[in-house]
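There are 2 protein chains.
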Amino acid sequence: MQPKTRTDHFRAIQKNIRNRLSEFKLDCFLITSLPHVRYISGFSGSAGLCLIFNNSKYFITDKRYTEQAAKEISGWKIIPSQNDIFETIAENNLIPNNYRIGIDGNNLTFAQYQNLKKLFPNNRVLPKAGFIEDVAIVKDAYEIEQITKAVEISDKVFSKILNIIKPGIRELDISAEITYLHKKFGAERDAFEPIVASGINSAFPHARSSSKKLRKGDIITIDIGCVVNGYNSDMTRTIFLGKPARPSGEPKSDTVKIYRTVLSAQLNAIEAAIEGLTYKELDAVARNTITNADYSEYFTHSLGHGVGLQIHEPPRLSVKTPGNLKADTVVTIEPGIYIPNFGGVRIEDIIVISRQRNKQHPNILTQSTKEMIIL
Amino acid sequence: MQPKTRTDHFRAIQKNIRNRLSEFKLDCFLITSLPHVRYISGFSGSAGLCLIFNNSKYFITDKRYTEQAAKEISGWKIIPSQNDIFETIAENNLIPNNYRIGIDGNNLTFAQYQNLKKLFPNNRVLPKAGFIEDVAIVKDAYEIEQITKAVEISDKVFSKILNIIKPGIRELDISAEITYLHKKFGAERDAFEPIVASGINSAFPHARSSSKKLRKGDIITIDIGCVVNGYNSDMTRTIFLGKPARPSGEPKSDTVKIYRTVLSAQLNAIEAAIEGLTYKELDAVARNTITNADYSEYFTHSLGHGVGLQIHEPPRLSVKTPGNLKADTVVTIEPGIYIPNFGGVRIEDIIVISRQRNKQHPNILTQSTKEMIIL
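Same order as they appear, the protein sequences are chains P and C. Per my numbering, residue 66 is the first one in the first sequence, and the count goes up by one each step. Per my numbering, residue 66 is the first one in the second sequence, and the count goes up by one each step.
Hints listed in this document are in silico derivations from the structure and should not be mistaken for laboratory results. Honestly, I wouldn't trust all of these hints.
Which copy is meant is left open, because identical chains are indistinguishable; a pair holds if it fits in one copy or across any two.
[What the hints assert, rightly or not] The calculated lysine-lysine pairs, modelled on DSBU-like cross-linking and capped at a C-alpha distance of 30 angstroms, are: (1) Lys322 - Lys128; (2) Lys385 - Lys182; (3) Lys128 - Lys435; (4) Lys249 - Lys214; (5) Lys136 - Lys249.
The structure displayed is predicted, hence computed values, not measured ones.
All chains should be built: construct the whole structure from the sequences, respecting the hints.
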């Protein structure tokens, strides 16, 4: 994670990818997924692909984007395409016969695969899942800087919208304000449609903002993120409109206990997030806290996910995902408890995985308070 | 295009799709692309797939979405999935041996295809491009109603933002306002990031809103759209901040002539858009108008595209696309002239293709004025 300029940043990534070519016994790799194209080249447009060899690299795009590509990327030979981009590669004889071509089977469509097989009958087309994504898991200083900027903007937006939350306002009005402020504060756009889920809507982890009006006593879950130079932020806070109701004799609807449990689970996971721990172990840290408080069946999703040029990218911090945490991976830590027909609480920060427990650990990018906010 | 309730609407679509099963000699079709899933079932969540047979239909989704599915779709047997959705289909023996399974190779990834082949070794998996999309080209009254609502909201937003456009304001500020107003006026969200391209930025058909401040004399291209019940709107207007400059002796930078040429091309194409005409012929109507005014090389994209549950869907109104216009297809008509390092003009409406020339023709949904607006 040495400090890096944009140019150094891309040079280092391309070196990593080239190392993988020999590791996977490939002569070249075809990168078609736009976030991966941006990752390796810096191109931010919506059509274009990269073809990387050990000693050369091509960027192929249609006429609309050649000028933008020339501005954004450096060191790539830009090939303008009139028709199908794959055909352009064939017409320009960019790939010699018998070369082994790597592709990402998780992103290439079946129709694209068939097209490649037809256009390159004398080559082997080899799907290698994770070829780019496994490299992208570890972030460098340039990337962490972009993510930090996006996180700071969302923090600022969150503190601003607290001023407009009051009974009678619609979830969608708050959502509209969030999107507006993200852009006003310098983001390119939202990372995803803001989630503002109030009352029993907060019991759905993937609720959408609706035209439901806020009412006194509502739990409100706010899950937002924005994009800066392609990099995403992602944060969730759960707040309360007036003192939370505590129905008598039903611990499952004890809002204060639920909030404290989620917060403890989150803090415990953040404290435990050190290089080497398995994803499963980290998920278990939060899950155990929630289980001990007797809410295990209400934490219905995994603990978190990687964040970078994609809002959801590997690693998935889940019981089911094999693998160990690597230093300088950027992930969300977002446990939640969702009680059907009552409401839910989720608290989510973005953190950078630490190499060891020291003064820099934990490295939490999100700065918004996690104290219970009662408006 | 008879009037239809939501229930009638989905029943008719499912009948059309089932007719195609026998036409393509398939026993079932697996629908994985989310806009297609929404098209055939009404499910609006972000994970789930449809499996349709002649006499049964299944909707498979993970636990997060079973409740939402139960609310949104009717007549489908909902199968909750714990793990991989394809594995759930296999575990539940939903597809008998030797059944021929249709898939959409343009949307299924290569990895998904491999997974299917492994899970269903005794079936044939047959890619049929356009299986859903070719049906979705023709809209019914329910769909046209949703698109019309989205178009009306964007019209309203366009007229509102004219009030805030003045020298000194950033492109991104206007873009933020557009997104905000779309939601305030009842849209789910933007159909795409609003394009506000001023000055020489307007020479890029796919410009992005930037932090550039507007200046007196700027051409400003505004391309916006929003989503209502999943259906998209899409409109472009080009306006002028102060009287357009007319550099001496250079007809290529005669803004008024460029504007009038684009508008004539657009009106001519709209007038010509009758069932039966080929896509190529319709594109040619606009292109000829522009060529006759000596701007042919500056109209660098195709004339328009279908709009529905996807912001860009078939048909593409292009020289290269084979096919004829069908009545009740909803398309954009959006010619443009882009002079590099000077600026560009694009004018875009959404229209419904007419069956014949009569009182109902042309059926233009977009209502915003196309008179030259000088602010």
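Sort out which numbered hints this structure fails and list those numbers smallest first. none
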